[in-house]
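Chains A and B are the protein sequences, given in the same order.
In terms of this note's numbering, the first sequence opens at residue 5 and continues consecutively.
In terms of this note's numbering, the second sequence opens at residue 106 and continues consecutively.
Keep in mind that a hint or two might mislead.
Once the Cα atoms are required to be at most 20 Å apart in a straight line, the calculated DMTMM-like pairs of lysine to aspartate or glutamate come out as [unchecked claim]: (1) 182/A with 136/B; (2) 162/A with 238/A; (3) 124/A with 220/B; (4) 232/B with 200/B; (5) 124/A with 196/B; (6) 150/B with 181/B; (7) 232/B with 238/A; (8) 239/B with 200/B; (9) 182/A with 220/B; (10) 124/A with 226/B; (11) 232/B with 208/A; (12) 239/B with 227/B; (13) 232/B with 196/B; (14) 182/A with 196/B; (15) 124/A with 181/B.
None of these hints come from the bench; they were simulated from the model.
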Amino acid sequence: MSSSSNRSLHRFANPGQFLRLSGAALPYLTASAIVLTAAGLGWGLFGAPADWQQGDAVRIMYVHVPSAWLASAGYTGLAVCSVLSLVWRHPLADLAAAEISPVGAGFTALCLATGSLWGKPMWGAWWVWDARLTSVLVLFFLYIGHVALVRAFDDPTKGYRAGAILALVGAVNLPIIKFSVDWWNTLHQPASISLTGAPAMALDMLWPLLISAIGFTLCFAAIVVARTRAAVMERRIRGLLMARAASDNAA
Amino acid sequence: MTRKRRRLYVLLACGIGLGSAAALTLTAFSDNLVFFVSPSDVAAKGGSGRTVRLGGLVEQGSVQRGNSGATFKVTDGNNSIVVRYAGILPDLFREGQGVVTLGTLQTDGSFRASEVLAKHDETYMPKEVAEALKKSGRWNPNAGPPPPASTWNSLTPKGGS
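With the hints as extra help, turn the sequences into a complete structure.
The structure is reproduced here in structure tokens:
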């Protein structure tokens, strides 16, 4: 009936196994996240050269681009958890999805706020309704909607199912965000860095940006892992309390 | 077929349906999703009296600053339109820079703007690199965007140190 890939997936979905593995990994994850974020931001904000036309305002990039990357990457993680939840009914994927969305909303808010602060001095406007900015704002609302919907049901399982469906419907927004600057003309610039072409950026600006992006990614992962661990333990405590209440009633 | 397999197929079918619906919708509305129109669009469609955003590059040698604002030409290479604007121009405004202006097309074919935004491209480089490119004659900032980064990134071999 069940294939070997399902069995291996379920091995990682075992909450006890997850607590053991993540407990061992979390201190290293947190330490490397702090070191790389500090190194990337320190280099970017103080060491990297100013841009020829934007001057020192370009340093907002070292916060804005990593948080924008995580707004999309975090949502991709949320969508993957939602598939695991809807198709394979992973209990751990339910908990992880519920813990990813508030963190993703935070990083998206940081992306929108830094983008606004960058837009005013460079473009001349805090906000414009172009395709890139609007689609990222929609992403922020999707995160907020997921946060609310998951917690809106008395039966947590119903909340997880509803949240997973919302997250997967919203995933259609991810390619729109990525390609909005190519499909339609926007005020927002097209991508400076791509997987296929050479980066349109001097190397001594690119390196701090990449290190900052890796640092932010590890921060995101560390926060989500810590939150998911707390959620697993909370669920266990609730189970123990329910069992005790049941035995007290029976006595 | 197991229940998991069936749920996976239902999910894939929903995904394909939703994806195509979104693609069709976006294609149908793509005229309204663009942030600005080019001078060629305006030349082709007209649209006098309607408030639109006009975008393009500030044409080289066309900027005239007055007491109460500026007059310049916005071009996309094929067509250009004279823009009159009374107000403060953004810091990045210069000849050769991308701009997006909000306003209305007048009956005389000029464009009266109430807002001018600067649109910068995706190239980031230190001042020294820009100076070196200008000095070597490979780039005139007033004429348009800089050459591809792969041609000048070797100018900064200290990157990564």
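Of all the hints given earlier, name the ones this structure violates by number, lowest first.
Violated: hints 7, 9, 14, 15.
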